[in-house]
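Enquirer: Each chain, letter by letter, is given below.
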Amino acid sequence: MSSRRSRSRQSGGSRISDDQINDLVSKLQQLLPEIRNSRRSDKVSASTVLQETCNYIRSLHREVDDLSERLSELLATTDTAQAAVIRSLLLQ
Amino acid sequence: MSSSTTTTTSGVTLNPKSCRIKFARRFLRSLAQIKKQKLPSSSSSEEEIRMRSKGIKMAAYYSMARAVGPRMNWSRAFLFKLRNRVRHPKLVKKKKKKRVIMRSNKASRSVSSVHMDRGNKLRELVPGGKSMDFCSLLEETAHYITCLSTQVKVMQAIADHLSK
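One line per chain: the protein sequences are A and B, in this order. The opening residue of the first sequence carries number 1 in UniProt numbering; numbering runs sequentially from there. The opening residue of the second sequence carries number 1 in UniProt numbering; numbering runs sequentially from there.
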């Protein structure tokens with residue numbers, strides 16, 4: 001009895017970390033626009049989620065690159081005074 | 001306050017809204033500074049734009065890391081790396097990634113090793129990811145993604161407003 005219990009606890013212990021990882025993966029999945037809408041029961045494997053996560057981070061980095069360039073071009077042509085305007089816009 | 005605050009398993013609260021405001025404040029401040037900076041007049045306007053966009057990019061990442069503060073691993077790692085680069089530029093060598101690809105037949109690789117592979121790719125993308133265990137890597141990644149998309153949205157909003 002006791003040996004069985006200890007064994008079940010052992011497997012339970014490893015399951016907890018598995019559950020934890022599954023939980024984190026599904027949380028991550030919710031953040032990914034590509035596969036956000038598929039339910040947990042749907043077959044989105046953890047490695048797909050991780051792959052998509054990598055793609056998404058790369059695409060966000062690219063967007064930051066593009067936007068930096070765009071902002072740089074815009075800064076050359078616009079007044080600084082507008083920064084105050086934007087600030088009030090964003091912080092409302 | 002009906003803000004959508006989520007709590008990660010490590011108890012770190014993640015409030016996208018406050019992050020957004022903090023980031024926007026910092027980023028706009030540094031945009032104003034960048035605008036004021038005079039670049040060497042010898043440079044062409046194209047070069048000037050390129051140089052400035054580099055500065056803006058750094059300012060954006062830096063502002064977000066500062067907005068998050070030291071409570072997350074990734075922001076701490078990012079700020080640490082950046083500060084070292086500023087203080088000891090000579091010590092920071094550009095690491096050339098030497099990739100020795102020794103892939104045996106793919107069929108022999110287990111599912112978990114595929115996970116680890118993906119995890120390794122993720123580690124390169126998330127600041128400080130190389131020294132995290134898998135669980136916190138996933139947590140930090142979730143937070144990092146949220147922050148990055150906030151960053152993109154705010155930058156987009158500023159750009160849209162400026163181009164009006």
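Errors might be hidden in some of the hints.
Keeping only pairs whose Cα atoms sit at most 30 angstroms apart, straight-line, the calculated DSS-like set for lysine-lysine is [claimed, not checked]:
| # | chain 1 | residue 1 | chain 2 | residue 2 |
| --- | --- | --- | --- | --- |
| 1 | B | LYS130 | B | LYS164 |
| 2 | B | LYS22 | A | LYS27 |
| 3 | B | LYS121 | A | LYS27 |
| 4 | B | LYS81 | A | LYS27 |
| 5 | B | LYS36 | A | LYS27 |
Bear in mind the hints are in silico, worked out from the structure with no lab data behind them.
Enquirer: Look at each hint and say if it fits the structure.
Expert: Comparing the hints with the structure gives:
| no. | hint | verdict |
| --- | --- | --- |
| 1 | LYS130(B) <-> LYS164(B) | violated (42 angstroms) |
| 2 | LYS22(B) <-> LYS27(A) | holds (24 angstroms) |
| 3 | LYS121(B) <-> LYS27(A) | holds (19 angstroms) |
| 4 | LYS81(B) <-> LYS27(A) | holds (28 angstroms) |
| 5 | LYS36(B) <-> LYS27(A) | violated (42 angstroms) |
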